[in-house]
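Protein chains: 2
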Amino acid sequence: MIIGQSFIHGSREAIHAVNPVTGERLGPAYPGAGPQEVDRACALAEQAFDAYRETTQEARAEFLEQVSENLADTRLEIVERANLETGLPNPRLEGELTRTINQLRLFARETRSGRCIGATVETALPDRAPLPRPDIRLRYVPLGPALIFGASNFPLAFSVAGGDTASALAAGCPVVVKGHSAHPGTSELVGLCIAKAIKTTGMPEGTFSLLFGSGNEIGASLAADPRIKAIGFTGSRSGGLALMNIAAARAEPIPVYAEMSSVNPVYLLPEALKGRADSIAAGLSNSMLMGSGQFCTNPGLLIARADANLASFSTTLADLVAAAQPSTMLTSDIYQAFESGVARLLKNPHVELLAKAGDKSGPNQCRAHLFATTAQSFLADPSLHDEIFGSCSLIIRCKTNEEMLELTAALDGQLTATVMMDQDDDSSFVRRLLKVLERKVGRILFNGYPTGVEVGHAMVHGGPFPATSNSRTTSVGTEALWRFLRPVCYQNFPHDLLPESLKDGSSTPQRVTF
Amino acid sequence: MIIGQSFIHGSREAIHAVNPVTGERLGPAYPGAGPQEVDRACALAEQAFDAYRETTQEARAEFLEQVSENLADTRLEIVERANLETGLPNPRLEGELTRTINQLRLFARETRSGRCIGATVETALPDRAPLPRPDIRLRYVPLGPALIFGASNFPLAFSVAGGDTASALAAGCPVVVKGHSAHPGTSELVGLCIAKAIKTTGMPEGTFSLLFGSGNEIGASLAADPRIKAIGFTGSRSGGLALMNIAAARAEPIPVYAEMSSVNPVYLLPEALKGRADSIAAGLSNSMLMGSGQFCTNPGLLIARADANLASFSTTLADLVAAAQPSTMLTSDIYQAFESGVARLLKNPHVELLAKAGDKSGPNQCRAHLFATTAQSFLADPSLHDEIFGSCSLIIRCKTNEEMLELTAALDGQLTATVMMDQDDDSSFVRRLLKVLERKVGRILFNGYPTGVEVGHAMVHGGPFPATSNSRTTSVGTEALWRFLRPVCYQNFPHDLLPESLKDGSSTPQRVTF
Numbered sequence: 011m012i013i014g015q016s017f018i019h020g021s022r023e024a025i026h027a028v029n030p031v032t033g034e035r036l037g038p039a040y041p042g043a044g045p046q047e048v049d050r051a052c053a054l055a056e057q058a059f060d061a062y063r064e065t066t067q068e069a070r071a072e073f074l075e076q077v078s079e080n081l082a083d084t085r086l087e088i089v090e091r092a093n094l095e096t097g098l099p100n101p102r103l104e105g106e107l108t109r110t111i112n113q114l115r116l117f118a119r120e121t122r123s124g125r126c127i128g129a130t131v132e133t134a135l136p137d138r139a140p141l142p143r144p145d146i147r148l149r150y151v152p153l154g155p156a157l158i159f160g161a162s163n164f165p166l167a168f169s170v171a172g173g174d175t176a177s178a179l180a181a182g183c184p185v186v187v188k189g190h191s192a193h194p195g196t197s198e199l200v201g202l203c204i205a206k207a208i209k210t211t212g213m214p215e216g217t218f219s220l221l222f223g224s225g226n227e228i229g230a231s232l233a234a235d236p237r238i239k240a241i242g243f244t245g246s247r248s249g250g251l252a253l254m255n256i257a258a259a260r261a262e263p264i265p266v267y268a269e270m271s272s273v274n275p276v277y278l279l280p281e282a283l284k285g286r287a288d289s290i291a292a293g294l295s296n297s298m299l300m301g302s303g304q305f306c307t308n309p310g311l312l313i314a315r316a317d318a319n320l321a322s323f324s325t326t327l328a329d330l331v332a333a334a335q336p337s338t339m340l341t342s343d344i345y346q347a348f349e350s351g352v353a354r355l356l357k358n359p360h361v362e363l364l365a366k367a368g369d370k371s372g373p374n375q376c377r378a379h380l381f382a383t384t385a386q387s388f389l390a391d392p393s394l395h396d397e398i399f400g401s402c403s404l405i406i407r408c409k410t411n412e413e414m415l416e417l418t419a420a421l422d423g424q425l426t427a428t429v430m431m432d433q434d435d436d437s438s439f440v441r442r443l444l445k446v447l448e449r450k451v452g453r454i455l456f457n458g459y460p461t462g463v464e465v466g467h468a469m470v471h472g473g474p475f476p477a478t479s480n481s482r483t484t485s486v487g488t489e490a491l492w493r494f495l496r497p498v499c500y501q502n503f504p505h506d507l508l509p510e511s512l513k514d515g516s517s518t519p520q521r522v523t524f
Numbered sequence: 011m012i013i014g015q016s017f018i019h020g021s022r023e024a025i026h027a028v029n030p031v032t033g034e035r036l037g038p039a040y041p042g043a044g045p046q047e048v049d050r051a052c053a054l055a056e057q058a059f060d061a062y063r064e065t066t067q068e069a070r071a072e073f074l075e076q077v078s079e080n081l082a083d084t085r086l087e088i089v090e091r092a093n094l095e096t097g098l099p100n101p102r103l104e105g106e107l108t109r110t111i112n113q114l115r116l117f118a119r120e121t122r123s124g125r126c127i128g129a130t131v132e133t134a135l136p137d138r139a140p141l142p143r144p145d146i147r148l149r150y151v152p153l154g155p156a157l158i159f160g161a162s163n164f165p166l167a168f169s170v171a172g173g174d175t176a177s178a179l180a181a182g183c184p185v186v187v188k189g190h191s192a193h194p195g196t197s198e199l200v201g202l203c204i205a206k207a208i209k210t211t212g213m214p215e216g217t218f219s220l221l222f223g224s225g226n227e228i229g230a231s232l233a234a235d236p237r238i239k240a241i242g243f244t245g246s247r248s249g250g251l252a253l254m255n256i257a258a259a260r261a262e263p264i265p266v267y268a269e270m271s272s273v274n275p276v277y278l279l280p281e282a283l284k285g286r287a288d289s290i291a292a293g294l295s296n297s298m299l300m301g302s303g304q305f306c307t308n309p310g311l312l313i314a315r316a317d318a319n320l321a322s323f324s325t326t327l328a329d330l331v332a333a334a335q336p337s338t339m340l341t342s343d344i345y346q347a348f349e350s351g352v353a354r355l356l357k358n359p360h361v362e363l364l365a366k367a368g369d370k371s372g373p374n375q376c377r378a379h380l381f382a383t384t385a386q387s388f389l390a391d392p393s394l395h396d397e398i399f400g401s402c403s404l405i406i407r408c409k410t411n412e413e414m415l416e417l418t419a420a421l422d423g424q425l426t427a428t429v430m431m432d433q434d435d436d437s438s439f440v441r442r443l444l445k446v447l448e449r450k451v452g453r454i455l456f457n458g459y460p461t462g463v464e465v466g467h468a469m470v471h472g473g474p475f476p477a478t479s480n481s482r483t484t485s486v487g488t489e490a491l492w493r494f495l496r497p498v499c500y501q502n503f504p505h506d507l508l509p510e511s512l513k514d515g516s517s518t519p520q521r522v523t524f
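As they're listed, the protein sequences go chains A and B.
All residue numbers for the first sequence refer to the working numbering, where the first residue is 11 and numbers rise by one.
All residue numbers for the second sequence refer to the working numbering, where the first residue is 11 and numbers rise by one.
This is chain A alone, in the form it adopts within the complex (with noise of 0.2 angstroms):
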């Protein structure tokens, strides 16, 4: 563990990794924390607050900018031990260090442009009638310490130093992270650089620390300790609900970010699956097999018109499955976990098994399925919703344009929904479907497939419950950087009392209102 600048050894249980490609327990071992190391965290996250506020949007900046280089200049390390606890492949490892690199500098880059201060400054006007304006002047300032949890199927771009931690350190917020018990080893290096860089440029040492500990008692107790003052949440239903449970029952509630669950309908319209099914087929399996299917955006249902191009496309989509070969999955839970979801689909009379990949060779292994399924079952059977972590899609059978409207609507919220449309399908109902996708997810997309997540100023990666539990944010891109943020207004200040970014003549972009 780490707690600002010690490295510390806790006092409770210890984990250990284990490689999932072998199922072997990986050495050494990473003591939990205890009641002393969440409070001293808590404490020292506290005690740096004030001053790491009060750090200029450049020196954020360039802290973001030297752990960037930092996880840069660690990186063999970083994805060799990746590797090793995730089972995730070198080239995936590598590309998510450079994601998680190149977005800590995206914060920084945003942090640095001072637009999330948000300054508007409103100058007095005396002689109004009837009454005289007051100076007033809004800028947003960081909630206090956050608390972040590290996500398991991105070890890199959403754990220690993902899209969580990098938005609430850009926004001005200390962050104790609850490292995810799949990779201690990957935290803990990715962690150092962290601490490291606080060193180098002279951060307040509170202002990152990273805690182990087997079960959800840890994290249960920092999500309740009152110094923490926003969640930051990837993973499970089960898990953000209880987060949410835990926020709310506080003497002083606080707002949790939690990504949870998500299908990622796809639509494919009948010119899209007439002119290009192969095209499709293959992008889908791609998108549905890569990383063993564990993506928040996976593609769980594919939604089609029952005709002849769905027939011949499901054909073809179930060979390219059925060929797959079998790829090992995180963790031995989230395996047990996706052999139970699919085992509850094979006793469902109402679902047909189209295709199932290739023999295991080895422990933890998903074999990918595709099944098949109409949407008055669908819609009559609320199990059919919910969300299978890892390679499984069910494709569904609508007899009218109208049954897809309907199924639609009856959606949970969702992260995503993709459409595969040509020039000649019928843009009309796709309008009459957008409207209810909009109010559905987060992100739509076209001809496109819902993994691989851009991170920049526009994305949203978010969505209505239960996709999150907060519809009004997205946990990637700058955005996110509100959530750790609120207003605070200062009336009839004496000039030289006010924050630097609300003065006049300020450098910091202000929205001036005479």
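Just so you know, these hints were derived from the structure itself, not from any lab.
Be aware that one or more of the hints could be misleading.
Just so you know, same-sequence chains aren't split out, so a pair can sit in one copy or run between any two.
[Unchecked claim] Once the Cα atoms are required to be at most 20 angstroms apart in a straight line, the calculated DMTMM-like pairs of lysine to aspartate or glutamate come out as:
1. K445 / E56
2. K445 / E510
3. K445 / E64
4. K445 / D506
5. K370 / E510
6. K450 / E56
7. K445 / D435
8. K450 / E262
9. K366 / D436
10. K450 / D235
11. K284 / E510
12. K445 / E90
Guided by the hints, dock chain B onto chain A, whose structure is given.
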């Protein structure tokens, strides 16, 4: 009641307004809504949502402006009825109606500007390595039907057509108002202004409904209705907490924007007290007495160093309070709560009564009270931190600056904090104080009075719990719009299927990144 374009008599127990000045029940009866009326209002709102959210910003602006015109045309009737139902004097109600009208116009302008669409455009980079960037575009869309509770203390500016309603309608959310039982006639007159504007400007019928009901049952069933997607509330802490619990327990949790309780500390620095004790005492007595102190931003705590200047200031303020006329409170419930709050302080052995206003001459009259205690007593007794809604302030005598900081750190979240400071006051101490206050409050003001909230772009009427349920927002000013919006990303859209605001060359302001 008003449900869409229908004027309906409810099927449940009626509510009656009571003239608080006389205690007499006023006609007519306003029958309460039953489950059928709740269902009908929610169904209409849901039905209206798609059409309403697709109206242009210009059309929504014109609708809001039409509401404001209708209010102006009904000014005499509204003020007359509000005066009967609330006991508030006509000039106050005139001013509040003007504020309500201006508020609607401000939101109309903000909507028209397109700023709250938050349009962000990142065009494709097909040649980017290692992966091309897709075209991604973001806009904010409305959440869905909003439930707004009328507030008793602002029967116009925070009731049926008040700030919450204006911001939700401006954002594109249909609104169902649960009218406050203390002013049903005023609510109905104002509701008719909205309903008429809907007809005149061709908005969908279900864009607005107004329901009455005695007790909490109607509000609770509206809050639990799955078609409601956000809640706006100004009122008691217990009421806000009840709504937070209902919202969190829903199958789909929704955001609650509850503005609850605040004691609005005022810091009186030594030089300011020395130089202008009389004018500060006059200003503070005015701020605490006006409207019987029934303001969320009423100055409940006056904090100063215990010295001769404070002693003399206290005497001056006590004289003003003692000379004050008792004034009628809004409702008998509010009056009872005030009386029991004051009784609690009177019984407290560590609290000294400095002054109380003269004898009452009618029912429900608030006699202003001024108390004093020490910082040590305040720190030791959590009950002294609770809001007493009405004209009641507590002077807190501090021995040292450090004690003042300690006291500040122990305060709950607040809507406002005020600093009375002169040039010769110790600015380095004030800087330390501001650092603590910034974490506790939504608005800090200098040398002014917290009552009288400017409605503008830079206003924050919000703050950490328990001032509000969500510190990241404001319920006054144009930033309030964002409470009812969520981001959606449009990836690789065929250009003609994009929302108008995201098309190339749109007149909507866009943040464009290349």
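Here is how each hint holds up against the structure:
1. K445 / E56: So K445 and E56 pass the 20 angstroms test across copies only (13 angstroms; inside, 45 angstroms).
2. K445 / E510: between (44 angstroms within a copy, 14 angstroms between copies)
3. K445 / E64: between (44 angstroms within a copy, 9 angstroms between copies)
4. K445 / D506: between (50 angstroms within a copy, 15 angstroms between copies)
5. K370 / E510: neither (61 angstroms within a copy, 51 angstroms between copies)
6. K450 / E56: between (38 angstroms within a copy, 14 angstroms between copies)
7. K445 / D435: within (17 angstroms within a copy, 59 angstroms between copies)
8. K450 / E262: So K450 and E262 pass the 20 angstroms test across copies only (12 angstroms; inside, 30 angstroms).
9. K366 / D436: neither (33 angstroms within a copy, 75 angstroms between copies)
10. K450 / D235: between (33 angstroms within a copy, 17 angstroms between copies)
11. K284 / E510: Neither, since 61 angstroms and 30 angstroms both go past 20 angstroms.
12. K445 / E90: neither (46 angstroms within a copy, 45 angstroms between copies)
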